[in-house]
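Chain by chain, the residues:
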Amino acid sequence: MYTQGLDSLGRDCLHQGAADTAALESHFQAKVDADDKIEPKDWMPDAYRQTLIRQISQHAHSEIVGMLPEGNWITRAPTLKRKAVLIAKVQDEGGHGMYLYSAAETLGISRDQMIGQLLSGAAKYSSIFNYPTPTWADVGAIGWLVDGAAIMNQIPICRCSYGPYARAMVRICREESFHQRQGFEIMLTLARGTPAQKAMAQASLDRWWWPSVMMFGPSDAQSKHTAQSMRWKIKRFTNDELRQKFVDVTVPQAKFLGLTVPDPALAWDEAAQHYRFGEIDWAEFHAVLKGNGPCNRERLEACRQAHEAGRWVREAALAYADKRRSSAASAA
Amino acid sequence: MSDQEREWPLFEVFIRARSGLEHKHVGSIHAVDARMAIEHARDVYTRRQEGVSIWVVPSSQIAASDPQDADALFEPAKDKVYRHPTFYAIPDEVKNL
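Quick mapping for you: the protein sequence lines, in order, are chains U and S.
Using my numbering, count along the first sequence one by one with no gaps and you end on 487.
Using my numbering, count along the second sequence one by one with no gaps and you end on 100.
If you're looking for bench data, these hints aren't it; they were derived computationally from the structure.
Nothing here was measured: the structure is a model prediction, and the numbers come from that model.
Treat the hints with caution; some may be incorrect.
Unchecked claim - Derived list of chain S stretches under chain U, where covered just means 3 residues or more per stretch with a C-beta under 8 Å from a C-beta of chain U: (1) 32 to 42; (2) 66 to 72; (3) 79 to 89.
For each residue, glycine too, the CB sits at the ideal point set by N, CA and C.
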């Protein structure tokens, strides 16, 4: 049902006549238009398959790399409760990576191929995780802002045309809301604490605000995949629409915390019923994406190290399973 | 990756959400054997009491119908409306039927 032989299905179809392909494509698009789901064994255009593989695997990598900035604080969480919560949250991120790799594998790419692409630097992951977490408040800011932005992005994907991706997203969104609320609660505790604690929360908002706003990706004018992805119903809203929604819901939350959003141009537009915000530093966005963010090298290095350190475990587990199977066979 | 490592086999995971319900497919998991697949499925798919029982099946062992055969397989059921109770006209006065 999952993975094996699925990619050959798509490729076989490429060898069919142009007329057949056109018929298959119009049948496919009609299904998508009717809000029907596409499932692993259904015919799909090769470009749809490749777009999904790229998007789902990048999403999975982001979850895996996303464990690193917060994992940094597990051993230094201020209380036992905070520590238990943070461990649960980081474990969830790992789980989300697993759901997504599992969904991507239904498209005919193997887990090892995807991990290989991450470790070689060929695959991208969300730019946000290349920023450092120097204080405890960053754990709060990540939950509140980064997970908040992720939820904004992910809720529409629950209705994505590709069944396995949509189902994985339903599961993920259910868990993300715990992440966002625990983050906000950390910020609230700091904001209501000593002046030093409040200053720590403000400094963290100053650091994470713009990277969070950038998480929605390039502006609509610059986004080359948006139109096609919307036609395929992989995407339901444009980057700028989602970014605007995020700013609109988050600014009042910052006000409640008594913190200041680090954007002097931020202003409420009564006529449009939206917050207007300042120009995004796209040079920074592209630099981080290209590998020149503050922590890109460190993150990839940590992933490679974990992979190498785990190699003997993976090999030993396989060898042990082989041994058990052969001794069970000879006992029978 | 630099060298060829053997990938852990893939298992499909089915979970019974509550006693009395059927097992439902939730996703897949890599593991060296069925026992490890159940342990990993527990960690990945039931962190919030989503289940009381887990089945795992090697993905390679699942045979599935081809979507292109859907008409041949399921079309014949469409014209047999007499299999549904609403097909039969019963006078309103008749009760408990």
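Structure-based check of each hint:
With 5 residues having a beta carbon nearer than 8 Å to a beta carbon of chain U, the stretch 32 to 42 of chain S meets the requirement of three or more and the stated coverage holds. Coverage of the stretch 66 to 72 of chain S by chain U holds [criterion: at least 3 residues with CB-CB distance below 8 Å; count 4]. For a cut-off of 8 Å, the count of residues in the stretch 79 to 89 of chain S with a CB near a CB of chain U stands at 0, and the three-residue condition is violated.
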